[in-house]
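Asker: To get my numbering, take the position in the sequence shown, counting from 1, and add 404.
Note that these hints are calculated values from the structure, not bench results.
Heads up, none of these hints are tricks.
With a Cα cut of at most 27 Å, we get these calculated DSSO-like pairs of lysine-lysine:
(1) LYS736 with LYS840
(2) LYS763 with LYS751
(3) LYS840 with LYS485
(4) LYS766 with LYS840
(5) LYS550 with LYS536
(6) LYS766 with LYS736
(7) LYS753 with LYS766
(8) LYS550 with LYS622
(9) LYS466 with LYS485
(10) LYS766 with LYS751
(11) LYS815 with LYS840
(12) LYS696 with LYS622
(13) LYS840 with LYS763
(14) LYS815 with LYS763
(15) LYS763 with LYS753
(16) LYS736 with LYS763
(17) LYS815 with LYS753
Just so we're clear, the structure is a prediction, and the values are computed from it rather than from any experiment.
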Amino acid sequence: MLSRFLQRAPENFLNRDQIQEVRAGRRGFLSSAMAAAASAMVAGRASATDDPAILNLPAHSKGLGQPVAARGYGSPSEWEKNLQRRESPGLTRVPQSSVSFCPLQGLFGIITPSGLHFERHHQGWWDIDPSKHRLMVNGSDNTLLKRAMVFSMDELMRLPSVSRMHFIECGANTGMEWGNVAVPTVQYTHGMLSCSEFTGVPLRTLLELCGADFRRAKFVLAEGADGSGMTRTIPMSMVMDGQVLVAYGQNGEMLRPENGYPLRLVVPGVQGVSWVKYLRRIEVGDMPYATKDESIHYMDLMPNGLHRQYTSIQEVKSVITSPSGGQVLLDKGFHTVTGLAWSGRGKIKRVDVSVDGGKNWKPARLEGPVLSKCLTRFNADFVWDGQPALFQSRAVDESGHIQPTYGELRKVRASRSIYHSNAIQTWALGENGEVKNVQV
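Working from the sequences, and respecting the hints, build out all of it.
Answerer: This is the structure:
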């Protein structure tokens, strides 16, 4: 029944012919509904007895199904095969240095299936033999660390571990929208975002084993083993509170190769580039390292031409995932507005939803669990009367930060930036039921 009310477009748009088919089907549905209104009980019986899905016994009700363990590793139904990570055509010159966007519009709850987790690579992904992978921990000089150590995967997995749910968001998520509307669907506007349960060893535990001088050591350098040699500076303050993990597990299994197998760093609340994949080395230092990946990339361009460096916290943000760009509402009446909110500073405290472009706001329902530095699902009720609407969501986190509008953000950062956009997203619903990406 729900399919009659919402045409989901997870990966692409309805073409004009398909939209005409939707219109014809909608008129037929409305006509039958009006005729049935004369007698609700009779209509109910008629709709049940006329439905061939009820009358005809399908094959799966008459025979044997697939045998046990026909698939040694379970996979989605063939009817869900269109829900996939996707590239944005022309975004980068080579596919090894690119992005695959998560289909947020087709997901439920807050956990992203590992196979749909977004990817960002600088030189492609690898499937590394875990028996040959090593993690080295050393100091920039011999006074900051008593002993350098090298850990195998087996040695790491013997240590005390923790499991935590956190979001990860690329610093460039929504970056294409800084100047104006650039892409059509939520998969491309906000799809460099995912959320998983990560399992691993707190980095502090490893540094304690190595005898780190926590009074003098102020930063650590994380280095990846892929060809790009990704390196990022992490403040020691984040390590000391136990949040930073050396992770090998994701959603109850080992990391996927596209997400850093067999080892990656987890830095909750911080932009994804700092979650170094294929982690092979941690160095303890007393000052920021200003590597190539943080001296010329992932900085905020300001209106005066200067760049802000090390602005790595992902600020409070939200987005409505349905209805969203590319989808079509097929009929008037009740609809659920649903979306995601998150903050790199802690828990989401409140999400408000507007259907008139921010003129009026109503609180949305936060669906548990509401965790620190984790995605939070929100829902709100909407009754469509057939008139145009402008959907927006605005999140507030426990530190008091409020998600800004594009106008508020551009007053501070202008419109030539790329990274760390947390502006309010607007979806325009037309009288024909089509939903499009707009800015107001």
